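Use the sequences and the hints to build the structure in full.
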Amino acid sequence: MCDNSEKTIIQSKKLNLYYGENHALKDIDIEIPVNRITALIGPSGCGKSTFLKTLNRMNDLVPGVKIDGQVLYRGEDIYGREVDVTSLRRQIGMVFQKANPFPMSIYDNIAYGPRTHGIRSRARLDEIVERSLRDAAIWEEVKDRLNKSALGLSGGQQQRICIARALAVEPQVLLMDESTSALDPISTSKIEELAMELKNRYTVIMVTHNMQQALRISDYTAFFLLGELVEFGDTQTMFSKPGDKRTEAYITGRFG
Amino acid sequence: MDREQMSICCGLSRRRRAYDLSMRSLLYASAAVICALLVFLIGYILFRGIPHLSWQFLSSEESVIKGIEGILPALINTLYVVIATLIIVLPLGVGSAIYLTEYASNRKLVSAIEFATETLAGMPSIIFALVGVIVFCEFAGLGTSLLAGAFSLVMMTLPTIIRTTQESLKTVPQSYREGSLALGGGKWHMVRTVVLPSSVDGIVTGCILAVGRIVGESAVLMFTAGMGMRLAKYGHSFGQFFENLFDSSGATLTVALYNYAKERADFESAFAVAVVLLAIAFVINIAAKLAGSKLKKH
Ligand SMILES: Nc1ncnc2c1ncn2[C@@H]1O[C@H](COP(=O)(O)OP(=O)(O)O)[C@@H](O)[C@H]1O
Ligand SMILES: [Mg+2]
Numbered sequence: 202m203c204d205n206s207e208k209t210i211i212q213s214k215k216l217n218l219y220y221g222e223n224h225a226l227k228d229i230d231i232e233i234p235v236n237r238i239t240a241l242i243g244p245s246g247c248g249k250s251t252f253l254k255t256l257n258r259m260n261d262l263v264p265g266v267k268i269d270g271q272v273l274y275r276g277e278d279i280y281g282r283e284v285d286v287t288s289l290r291r292q293i294g295m296v297f298q299k300a301n302p303f304p305m306s307i308y309d310n311i312a313y314g315p316r317t318h319g320i321r322s323r324a325r326l327d328e329i330v331e332r333s334l335r336d337a338a339i340w341e342e343v344k345d346r347l348n349k350s351a352l353g354l355s356g357g358q359q360q361r362i363c364i365a366r367a368l369a370v371e372p373q374v375l376l377m378d379e380s381t382s383a384l385d386p387i388s389t390s391k392i393e394e395l396a397m398e399l400k401n402r403y404t405v406i407m408v409t410h411n412m413q414q415a416l417r418i419s420d421y422t423a424f425f426l427l428g429e430l431v432e433f434g435d436t437q438t439m440f441s442k443p444g445d446k447r448t449e450a451y452i453t454g455r456f457g
Numbered sequence: 003m004d005r006e007q008m009s010i011c012c013g014l015s016r017r018r019r020a021y022d023l024s025m026r027s028l029l030y031a032s033a034a035v036i037c038a039l040l041v042f043l044i045g046y047i048l049f050r051g052i053p054h055l056s057w058q059f060l061s062s063e064e065s066v067i068k069g070i071e072g073i074l075p076a077l078i079n080t081l082y083v084v085i086a087t088l089i090i091v092l093p094l095g096v097g098s099a100i101y102l103t104e105y106a107s108n109r110k111l112v113s114a115i116e117f118a119t120e121t122l123a124g125m126p127s128i129i130f131a132l133v134g135v136i137v138f139c140e141f142a143g144l145g146t147s148l149l150a151g152a153f154s155l156v157m158m159t160l161p162t163i164i165r166t167t168q169e170s171l172k173t174v175p176q177s178y179r180e181g182s183l184a185l186g187g188g189k190w191h192m193v194r195t196v197v198l199p200s201s202v203d204g205i206v207t208g209c210i211l212a213v214g215r216i217v218g219e220s221a222v223l224m225f226t227a228g229m230g231m232r233l234a235k236y237g238h239s240f241g242q243f244f245e246n247l248f249d250s251s252g253a254t255l256t257v258a259l260y261n262y263a264k265e266r267a268d269f270e271s272a273f274a275v276a277v278v279l280l281a282i283a284f285v286i287n288i289a290a291k292l293a294g295s296k297l298k299k300h
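In the order they appear, the protein sequences are chains U and B. Quick note: the first sequence uses our numbering, first residue 202, plus one each step. Quick note: the second sequence uses our numbering, first residue 3, plus one each step.
Covered stretches of chain U (chain B as the covering partner; in silico rule of three or more C-beta atoms under 8 Å from a C-beta of chain B):
no., stretch
1, 256–265
2, 298–308
3, 360–369
The hints are simulated quantities; they were obtained by calculation from the structure and are not laboratory data. Bear in mind the structure is a predicted one, so any value in this text is a computation, not a measurement. Think of the CB as a built atom: it goes at the ideal place given N, C-alpha and C, for glycine as much as any other residue.
So this is what it looks like as structure tokens:
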């Protein structure tokens, strides 16, 4: 669907997902290019979060969920039998809509992932914590209070702590589910800048309900409607010459 | 129209004010009665018990020949029963609660088990005494012993521990769990590093309340742990502790109180024991409050 020169990192093939009787994703075929920002847009309830969560198998936690089709990560089916969900989630990190730092110190929040994966050396952890906080553009703000609770930070800072926490395990892909929707404009623009910097090293897939945001920072956009992928392509092209009437109606604000 | 409505309003509010006033005085009156009762009760126990309380009373074993009165064995038995019960009930209760809230996927089974624990929690303790005698003393061959008493109390306190632990696990936000799993943590890792630390205050509070129930229980222990006022041997070693659990039987503080009051009509000693129990209850309540507020680190 997208430019042939791009390398694909995640691909879904005839992906269908059911929450009990509710058919939440219908035949999704998509190829997500590596080291780009891909935005998922669409009215609420159309399955954006659901799709995002199929990519790191967070849907496994929902009772009664049924998944058909394939999701390939670097060519491997992540729903295959031999897949280790733990290492999959280490490669595909996630930042949630509402910042969810653990009730621990800032340091322990960032070190949580590396410790989970067996890193014990204090020196190594110090290094990882500093690098991750720098990458998430929050080092300067918190470097003097690493041992203070992360819950004492502002909403925007907490969200960047969560991004740093996700980066600390060195993922290949970062999933962001409306991660700026609860934040003020200044924090939002900080995180947007951050996402654009991160795409040199990571693939970012972000759900957003903010058209301007999708247009500002994403390279590719996928438009979902009622569980279907209506259109997927280069963001600039899609916003200037949408290929589908429903896409046009949505991005010009006629519904949603 | 407007004026009429207003007058209705005023009439209503006047009547309501009178109603309000009478209700409030009724509430104040009942609160006053309860306070008075409490003050009288505690005051009376202290008044009767304290004169008889002495270091010797607390620290010696009674001896008819030497003419010494003492509740040391009862104190030690109480300690034994509390420790033994907690050692058994904590892993069982906290473990079941973790299983029920974090692992079990069959909702129907979980609610059936939750219903059963609710029911057990409201059961009169004399029933646990009966079951304890048949199952632990006789069937399991423990005889009348501190251990049989502890096992019976495990049955009695298990529902409480399960329920309080479950309640505090349920207060842990789902977003913490998602955060941990999304970083690649396994389920047990998530429970151990995120869920348990954020619910430890509730677990400890439940545990302290269970200690309160154990210390205050008499029926179960009379039947299963015995009523003797002497402890054959009490050493300080770990091995001795286990040996005593199996071998000795005897009265805990509440049972000693019963012995003094009912068997010997020695009310002075009975009230002295009551003062000790009161002090323990006080300490337990303070501890539970502190645990609730201080253990939440963040
Ligand atoms: N955990 C769940 N259990 C059952 N149904 C769900 C669950 N999560 C989402 N859904 C349903 O799936 C559909 C898509 O939801 P979602 O992916 O959250 O949409 P979006 O993120 O685009 O707003 C909705 O109809 C929603 O009700
Ligand atoms: Mg959503």
